[in-house]
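Chains as they are written, first to last, in our numbering: chain D, 1 to 469; chain W, 1 to 288.
Read the hints as simulated data drawn from the structure, not as lab findings. Be aware that one or more of the hints could be misleading.
[Stated by the list, open to error] Computed list of lysine-lysine pairs in BS3-like fashion (alpha-carbon distance at most 30 Å, straight line):
1) K147/D x K5/W
2) K5/W x K149/D
3) K230/W x K224/D
4) K5/W x K423/D
5) K4/W x K147/D
6) K224/D x K149/D
7) K4/W x K423/D
8) K92/D x K5/W
9) K4/W x K92/D
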Amino acid sequence: MEKPAYNYDIVKSFVTWSIIWGVVAMLVGVLISFQLVDPRLNLPPWLTYGRLRPLHTNAGIFGWAVGSFFALFLYMVQRLCRQPLWSNGLAKFQLYLFNATIIAAAVTLLLGYSQSKEYHELEWPIDLMIVVLWVIFALNVVMTIFKRKDEGMYVSIWFMVASLIGVAILFLVNAAAVPVTLFKSYSAFAGTNDANVQWWFGHNAVAMVLTAPPLAVFYYFLPKSTGVPIYSHRLSIIAFWSLIFMYLWTGAHHLLWTPVPDWVQTLAMAFSIMLIAPSWGSVLNGYLSMNGQWHQMRENYLAKFFILAITFYGLQTLQGPLQAVRSFSAFIHYSEWIPGHVHMGTMGWVSMVLFGAIYYLAPRIYGRELYSVPLANLHFWLVLIGQLIYSVSMWIAGVLQAAMWHSMEADGSLTYTFVEALKEMYPYWWIRGLSGTLYLAGVLVFIYNLYATARGSREQATRPATQNA
Amino acid sequence: MWEKKPALLLILATAAILAGTIVTMALPFAWVNTESDRIASVKPYTPLELAGRDVYIREGCNNCHTQTVRPLVAEVVRYGDYSKSGEFVYDRPHLWGSRRTGPDLARVGGKYPDDWHYQHMDNPAAMVRHSNMPAYAFLRQNPLDPALAEKKMKVLGWPYSQEQIAALNGKTEMDAMVAYLQKLGSDIPWREAGKIEMAGALANPFAGDKAAVAAGRQLYLDNCAVCHGKDLGGGIGPDLTQAGAMGDADLFGLLNNGRPENGMPGFAAIGQAKIWKIVNFLKAGKVS
């Protein structure tokens, strides 16, 4: 059979840049975690916690995660459709625009140009850049799908398509604003409406950026890395449709007990609980695929990344619905517990999947076997331990903090002032900063390993870049 | 069959995504911010307050401070009356936030005098021991831009006067920030509504108790000294060396309810026992 001319160069470039922005995100994360411990580390006006935290989240979500998904989608769509990209030129332009957008984002956030909405801080000119970026990316992926000769579309393609549509809808609505100057705009929505739109966006950014794409990656790269097929095609269909249907109802669980109408909150709570089913559909599909193959957890470092990733996805999708219940939200919301939850998803689930997929790609894009499997194992353990310490310390801190906030005396007065509760957080903030440093160290090992692979610094088995595993 | 037809997949996936979107995102617009939601006393921001709000957004204060008080007992005692939808109709964008590294600010307006805010923004740890908030003294260096402020008011379509715009000349971002903070949550008269009326004679439960005076001294240093001085000599707030001349019950009422019109916050949240101890310390009239 004639072999199509797959474009792996663009995949390699996106991998390189996503990792660069990932390191920026993690460095800033470590810095701001220590700023909480010692406010003298804030260097106003540009390097304060308030301006750096959006840089941390934007670089992490849009630089590292989305950058990697660009790489992996462009890889998967070619392989799954057995077609070269619809347009290599467009993909190249997408790479330049991606980096221009992230640089513009970083500079403007440090200058304080912000719409203040979480994960949507960037001002309107950069929003426009993102719209163009997403349209050309979606066009390239969808046109490649339409071009394919194979009849069926694998489950990864459905998750990719859902993500392309979902992000477009969410982003366009939440971006609605009235510009005052080039760097200042006011939201098109006010107060309670604005909050409800924002968290419809915010929570579904988690669905369409940090759930559907890594699931697409997981469903493709787990079988590729282990040589075992996905356990059930039917289960993946059910999980897919119920996931993308249910997710959109849940945004207001971020707004329990606020002035948002009660019925919106109740729907959000109910659908959040229901979401356990489709989430665990994918988790179980992953686990059951490994039936009779669990020995690979010892022998195949790629299996470790993917199975731990899907495990954290499973834990995340149990903990999230728990937090979405009114009574538990009343206690835990706004506390340190929340960053513990979020980072299990970002550091445990999304990043783990990305590490595994990039390791799988390394021989294919660099043309030789991975420089060192022991280093990949070291990377695995450093990020796993770093993430566990991070999340567990924040959960303990969050319960302590929430208990102190809510504690009352018999005469109806508060047991603790706000600062008395804050004072108790310092030891946990230290632990968080150190655990983040450990995670970052693991990522530096990862980068060194890829760098050494790309450079070919050792007598390594070489393989042609287009050869298939 | 859709597995073989990408166009059908696109359409079905879009429909699945739009279902929840329409019900939970679009539909609430039919209720929220309509006439039934509005509160007559809630007014748009003035040019000065709006400038302060924009500084709040620029500095990312919402990354550490929320602006919604939930209807939960400990929260209402700590921060004040729970938030109503109608209080936010001019908030574009909303600033409800998601984390409380610092306290909620929805009801901070009128809690402290202006001077407290200026000094706190200059150096937070000097006013609140153990605070990890960054210092924002640099806001004093940045003058406001009246032309930009007017443009913003026009874009938002809010009422303003030329006097209000002219008054921005010579003012700094710090002035704007303090004006904004003092407006927060004070459009509805919740402090007056929450005031405790003292009925009958209040008896001092610790009269003549030396241990209570010592405990009151520590409570004074923790809660009162930043404004009234470690030696009772005054500062942001008045000299208290003669406060003991007031009657026990009057002093208790003053500490409990505060005098918001003069910038004195009420301290009901720390509880009656602690307030009585501070009263006994003030009656004793000496720091050491």
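Quick rundown of the hints versus the structure:
Taken as a hint, the K147/D and K5/W pair is honoured in the structure, with Cα atoms around 12 Å apart against an allowance of 30 Å. Using a Cα cut-off of 30 Å, the hinted pair K5/W and K149/D holds, with the two alpha carbons roughly 12 Å apart. For the suggested pair K230/W and K224/D, the alpha carbons sit about 70 Å apart, so the restraint of at most 30 Å is broken. With a C-alpha separation of about 59 Å, the suggested pair K5/W and K423/D falls outside the 30 Å cut-off, and the hint is violated.
Note on K4/W and K147/D: the hinted pairing holds, with a Cα-Cα distance of about 12 Å set against a maximum of 30 Å. Restraint check: the Cα-Cα separation between K224/D and K149/D comes to about 21 Å, which is no more than 30 Å; the hinted pair holds. With a CA separation close to 59 Å, the supplied pair K4/W and K423/D exceeds the 30 Å bound. For the proposed pair K92/D and K5/W, the alpha carbon gap of about 28 Å is at most 30 Å, so the pair holds.
For a cut-off of 30 Å, the pair hint linking K4/W to K92/D stands: about 29 Å separates their Cα positions.
Violated hints, listed in ascending order, are 3, 4, 7; each of the other numbered hints is respected by the structure.
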